Amino acid sequence: MAIEVQDVTKRFGSFTALDEVSVRVPDGALMALLGPSGSGKSTLLRVIAGLETPDAGSVRIGGQELTDAPARTRGVGFVFQHYAPFKHMTVHDNVAFGLLVRKASKAQIDARVGELLELVRLDGLAKRYPSQLSGGQLQRMALARALAPEPQVLLLDEPFGALDVKVRAELREWLRRLHEEIHVTTIFVTHDQEEAMDVAGQIVVMNAGRIEQTGTPHELYEHPANEFVMSFVGPVNRLGDALLRPHDIQILRGGSDLYSEQSTVEALVRRVAHLGFEVRVELTLPDGRDVWAQVTRETAAELELAEGQILTARLPAPRVFAAA
Amino acid sequence: MSASDLAATAPSAAVTARRTGPRGGGRASAHPGAHAASARRLGLRFLALGYLLALLGAPVAMIFYRTFEHGLAPVWEAVTQPNAVHAFWLSIELVAIVVPLNTAFGIGMALAIERGRFRGRALLGLLLDMPFAISPVVVGLALVLVYGRTGWLGSWLTSNGMQVIFSIPGMVMATAFVSLPFVARETIPVLRELGTEAEQAAATLGASAWQTFRRVTLPAIRWGVVYGVVLTTARALGEFGAVSIVSGRLEGQTQTLPLYVQDRFENFDGTGAYAAAVVLALLAFATLLGMNLLAKRTKRDTVV
Numbered sequence: 074m075a076i077e078v079q080d081v082t083k084r085f086g087s088f089t090a091l092d093e094v095s096v097r098v099p100d101g102a103l104m105a106l107l108g109p110s111g112s113g114k115s116t117l118l119r120v121i122a123g124l125e126t127p128d129a130g131s132v133r134i135g136g137q138e139l140t141d142a143p144a145r146t147r148g149v150g151f152v153f154q155h156y157a158p159f160k161h162m163t164v165h166d167n168v169a170f171g172l173l174v175r176k177a178s179k180a181q182i183d184a185r186v187g188e189l190l191e192l193v194r195l196d197g198l199a200k201r202y203p204s205q206l207s208g209g210q211l212q213r214m215a216l217a218r219a220l221a222p223e224p225q226v227l228l229l230d231e232p233f234g235a236l237d238v239k240v241r242a243e244l245r246e247w248l249r250r251l252h253e254e255i256h257v258t259t260i261f262v263t264h265d266q267e268e269a270m271d272v273a274g275q276i277v278v279m280n281a282g283r284i285e286q287t288g289t290p291h292e293l294y295e296h297p298a299n300e301f302v303m304s305f306v307g308p309v310n311r312l313g314d315a316l317l318r319p320h321d322i323q324i325l326r327g328g329s330d331l332y333s334e335q336s337t338v339e340a341l342v343r344r345v346a347h348l349g350f351e352v353r354v355e356l357t358l359p360d361g362r363d364v365w366a367q368v369t370r371e372t373a374a375e376l377e378l379a380e381g382q383i384l385t386a387r388l389p390a391p392r393v394f395a396a397a
Numbered sequence: 002m003s004a005s006d007l008a009a010t011a012p013s014a015a016v017t018a019r020r021t022g023p024r025g026g027g028r029a030s031a032h033p034g035a036h037a038a039s040a041r042r043l044g045l046r047f048l049a050l051g052y053l054l055a056l057l058g059a060p061v062a063m064i065f066y067r068t069f070e071h072g073l074a075p076v077w078e079a080v081t082q083p084n085a086v087h088a089f090w091l092s093i094e095l096v097a098i099v100v101p102l103n104t105a106f107g108i109g110m111a112l113a114i115e116r117g118r119f120r121g122r123a124l125l126g127l128l129l130d131m132p133f134a135i136s137p138v139v140v141g142l143a144l145v146l147v148y149g150r151t152g153w154l155g156s157w158l159t160s161n162g163m164q165v166i167f168s169i170p171g172m173v174m175a176t177a178f179v180s181l182p183f184v185a186r187e188t189i190p191v192l193r194e195l196g197t198e199a200e201q202a203a204a205t206l207g208a209s210a211w212q213t214f215r216r217v218t219l220p221a222i223r224w225g226v227v228y229g230v231v232l233t234t235a236r237a238l239g240e241f242g243a244v245s246i247v248s249g250r251l252e253g254q255t256q257t258l259p260l261y262v263q264d265r266f267e268n269f270d271g272t273g274a275y276a277a278a279v280v281l282a283l284l285a286f287a288t289l290l291g292m293n294l295l296a297k298r299t300k301r302d303t304v305v
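If you read the protein sequences in the order shown, they are chains D and V. When we follow this note's numbering, the leftmost residue of the first sequence carries the number 74, and every step to the right adds one. When we follow this note's numbering, the leftmost residue of the second sequence carries the number 2, and every step to the right adds one.
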């Protein structure tokens with residue numbers, strides 16, 4: 074079901090967590106709320122779930138006005154950052170909880186729990202307690218628990234934040250496929266731009282309680298609305314007011330006198346870092362400013378990059394944003 | 002760290018020595034100042050044990066010794082006296098009324114103080130500790146002032162045929178007052194540590210406030226509550242001062258077990274006093290033992 078958030082403001086004392094925020098999430102979308110900590114993304118998620126009451130504005134799910142409805146009537150599945158497991162219950166009972174409080178029959182519960190545990194690949198661990206599970210398993214249990222009552226909307230708060238890198242990548246992939254399978258409208262909160270771009274079809278970039286930009290990963294990267302978005306969704310070099318992406322800097326052999334274009338400038342190689350596929354080249358420009366360029370392994374080998382070398386850098390047309 | 006530094010920190014080392022066991026001890030004895038430290042540790046251990054013995058061990062042992070020094074027969078005779086039996090059941094009755102009352106109230110207070118969002122929560126916490134601060138005798142007198150025959154509310158109650166002072170209601174009130182804070186005080190820190198996330202998760206899963214409390218909050222705080230119940234029971238069983246005033250100490254009517262012990266003692270009935278005291282002590286042991294057994298069984302059943 075579609076989610077519509079209209080002009081929502083939420084304050085905690087003198088701190089404004091959300092400042093007239095409006096978002097529309099289409100039915101069946103997989104959307105990321107991306108922003109640094111304190112940007113209000115978790116608060117927005119909690120307002121949608123009914124765990125926080127906004128000071129102003131409205132929340133509608135599936136066209137229904139739910140601004141003042143309690144969390145339990147909203148039909149929202151919520152996955153907490155630290156999973157919030159019911160520690161005294163087995164995995165089975167955790168997942169069964171949402172069905173049990175709806176007074177489903179034991180046969181119904183067992184069938185649905187079995188189905189979900191299979192979906193999240195925890196079948197066989199039904200009798201374990203949360204303390205006996207790994208972080209990734211807890212995460213999947215929390216997801217199965219949230220999905221059990223067949224929510225209209227699934228909300229995930231930093232779902233992969235507490236996991237190690239390898240498990241995180243696996244679960245990312247898996248969440249995307251799960252969404253393709255069950256098509257429930259899903260919003261997840263993250264501060265990791267790569268994660269947002271990898272998983273979500275639509276990204277809402279938030280900063281200081283406001284929405285900076287909404288768009289597909291491609292739109293955000295290629296056409297950032299402002300400096301904040303540009304620097305948050307990918308690496309940047311800052312030259313005065315101008316911003317450029319490190320991979321847009323081209324490195325050419327020899328001194329700049331070989332090239333007639335205006336955009337070329339002489340550059341001194343300060344450091345070369347081999348980071349697997351990409352090579353990070355730190356350069357000093359004639360005016361003393363430092364930039365770094367991202368090149369492929371092949372390019373680095375071809376140019377025989379070494380510290381102290383003088384080369385030519387071709388700078389892309391820099392982006393300058395009007396001061397906010 | 003020099004030897005004098007080590008000596009200065011020795012008391013805390015002695016405190017942790019029991020817990021860390023041989024590992025902690027091994028580390029200390031590898032150090033040049035280890036002899037002084039281990040002597041200190043031994044000394045402190047004796048001091049602690051001696052303190053416990055003088056305060057608790059010796060008197061309790063003496064009571065048991067005095068009670069059973071002439072065999073079981075006189076003891077049996079003393080505890081089966083009608084007044085003794087009545088006092089025993091009266092004490093049990095008070096506990097049976099007061100403990101459930103204070104458990105429900107204590108959990109409610111703990112939830113209000115820890116989960117509530119209203120002004121004056123700090124004040125509520127302060128009020129909750131009043132029974133710890135006020136002498137039970139004062140509590141008893143205050144109750145008499147309000148509920149006594151000539152009291153503020155008491156005159157109205159009396160004219161309507163209800164007697165509070167010198168009867169069960171007054172004794173329940175006195176006992177409830179003095180044992181009021183235990184459940185809340187034991188439950189509050191557990192609630193705080195639990196946090197609100199699991200409760201919020203239950204809400205998003207469709208649970209009502211009551212379902213959340215019964216299925217999520219209560220099982221998570223049950224050890225705090227159980228410990229509070231044990232303390233409440235012990236306090237209610239042993240209450241003397243407040244009950245002594247509001248009960249009027251009517252033999253065979255409003256005499257609880259502690260009041261009976263004092264009555265026997267004052268009437269030079271040593272055997273009666275000691276025997277009843279032993280029964281009181283055994284009741285307390287049984288409460289503690291019951292909790293320990295419960296704790297062990299639950300630990301085996303669930304891994305939390």
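None of these hints come from the bench; they were simulated from the model. Honestly, I wouldn't trust all of these hints.
Ranges between beta-carbon positions, derived for each pair [to be verified]:
{"id": "1", "chain 1": "D", "residue 1": "A142", "chain 2": "V", "residue 2": "W211", "range": "54 to 62 Å"}
{"id": "2", "chain 1": "D", "residue 1": "P99", "chain 2": "V", "residue 2": "G291", "range": "55 to 63 Å"}
{"id": "3", "chain 1": "D", "residue 1": "R175", "chain 2": "V", "residue 2": "P190", "range": "30 to 38 Å"}
{"id": "4", "chain 1": "V", "residue 1": "P190", "chain 2": "D", "residue 2": "F394", "range": "48 to 56 Å"}
{"id": "5", "chain 1": "V", "residue 1": "A105", "chain 2": "D", "residue 2": "S304", "range": "51 to 59 Å"}
{"id": "6", "chain 1": "D", "residue 1": "K200", "chain 2": "V", "residue 2": "R116", "range": "28 to 36 Å"}
{"id": "7", "chain 1": "V", "residue 1": "L219", "chain 2": "D", "residue 2": "H155", "range": "29 to 37 Å"}
{"id": "8", "chain 1": "D", "residue 1": "E93", "chain 2": "V", "residue 2": "A113", "range": "32 to 40 Å"}
{"id": "9", "chain 1": "D", "residue 1": "T140", "chain 2": "V", "residue 2": "Q164", "range": "32 to 40 Å"}
{"id": "10", "chain 1": "V", "residue 1": "A105", "chain 2": "D", "residue 2": "P99", "range": "47 to 55 Å"}
{"id": "11", "chain 1": "D", "residue 1": "D92", "chain 2": "V", "residue 2": "F119", "range": "24 to 32 Å"}
{"id": "12", "chain 1": "V", "residue 1": "L124", "chain 2": "D", "residue 2": "L312", "range": "54 to 62 Å"}
Some chain D residues well away from chain V (every beta-carbon gap over 12 Å; in silico) [what the hints assert, rightly or not]:
{"id": "13", "residue": "V96"}
{"id": "14", "residue": "T146"}
{"id": "15", "residue": "D230"}
{"id": "16", "residue": "V257"}
{"id": "17", "residue": "G288"}
{"id": "18", "residue": "R311"}
{"id": "19", "residue": "L316"}
{"id": "20", "residue": "L376"}
Note that the coordinates shown come from a computational prediction; the quantities given were computed from them, not determined experimentally. For each residue, glycine too, the CB sits at the ideal point set by N, CA and C.
Status of each hint after checking the structure:
1. Hint check: A142 of chain D to W211 of chain V, Cβ distance near 18 Å, so the stated range 54 to 62 Å is violated.
2. Evaluation of the 55 to 63 Å hint for P99 of chain D and G291 of chain V yields a pass: the beta carbon distance comes to about 59 Å.
3. In this structure, R175 of chain D and P190 of chain V meet the distance hint of 30 to 38 Å, their C-beta atoms being roughly 33 Å apart.
4. Checked against the given bound of 48 to 56 Å, the beta carbons of P190 of chain V and F394 of chain D, roughly 51 Å apart, stay inside it.
5. The hinted range of 51 to 59 Å is satisfied by A105 of chain V and S304 of chain D, whose Cβ atoms lie roughly 57 Å apart.
6. The hinted window of 28 to 36 Å between K200 of chain D and R116 of chain V holds, with their beta carbons roughly 31 Å apart.
7. Between L219 of chain V and H155 of chain D the beta carbon distance is about 21 Å. The supplied range of 29 to 37 Å is therefore violated.
8. In this structure, E93 of chain D and A113 of chain V meet the distance hint of 32 to 40 Å, their C-beta atoms being roughly 35 Å apart.
9. Remark: the range hint 32 to 40 Å for T140 of chain D to Q164 of chain V is contradicted by a beta-carbon distance near 55 Å.
10. In this structure, A105 of chain V and P99 of chain D meet the distance hint of 47 to 55 Å, their C-beta atoms being roughly 49 Å apart.
11. For D92 of chain D and F119 of chain V, the hinted distance range of 24 to 32 Å is satisfied, since their beta carbons lie about 28 Å from each other.
12. Checked against the hint of 54 to 62 Å, the pair L124 of chain V and L312 of chain D passes, with Cβ atoms roughly 60 Å apart.
13. No beta-carbon of chain V is positioned within 12 Å of the beta-carbon of V96 of chain D; the least distance is around 19 Å.
14. Non-interface status of T146 of chain D relative to chain V is broken: a Cβ of that chain comes within 12 Å, the nearest being about 8 Å off.
15. For D230 of chain D, the requirement that its beta carbon stay farther than 12 Å from each beta carbon of chain V is not met, with the minimum near 10 Å.
16. For V257 of chain D, the requirement that its beta carbon stay farther than 12 Å from each beta carbon of chain V is met, with the minimum near 14 Å.
17. For G288 of chain D, the requirement that its beta carbon stay farther than 12 Å from each beta carbon of chain V is met, with the minimum near 29 Å.
18. The non-interface label for R311 of chain D is consistent with chain V: the shortest C-beta to C-beta separation is roughly 39 Å, beyond 12 Å.
19. With a cut of 12 Å on Cβ distances, L316 of chain D stays outside the contact zone with chain V, its closest approach being about 39 Å.
20. Residue placement check: L376 of chain D keeps its beta carbon more than 12 Å from all beta carbons of chain V (closest about 53 Å).
This entry does not satisfy hints 1, 7, 9, 14 and 15, going by the numbered hints stated previously.
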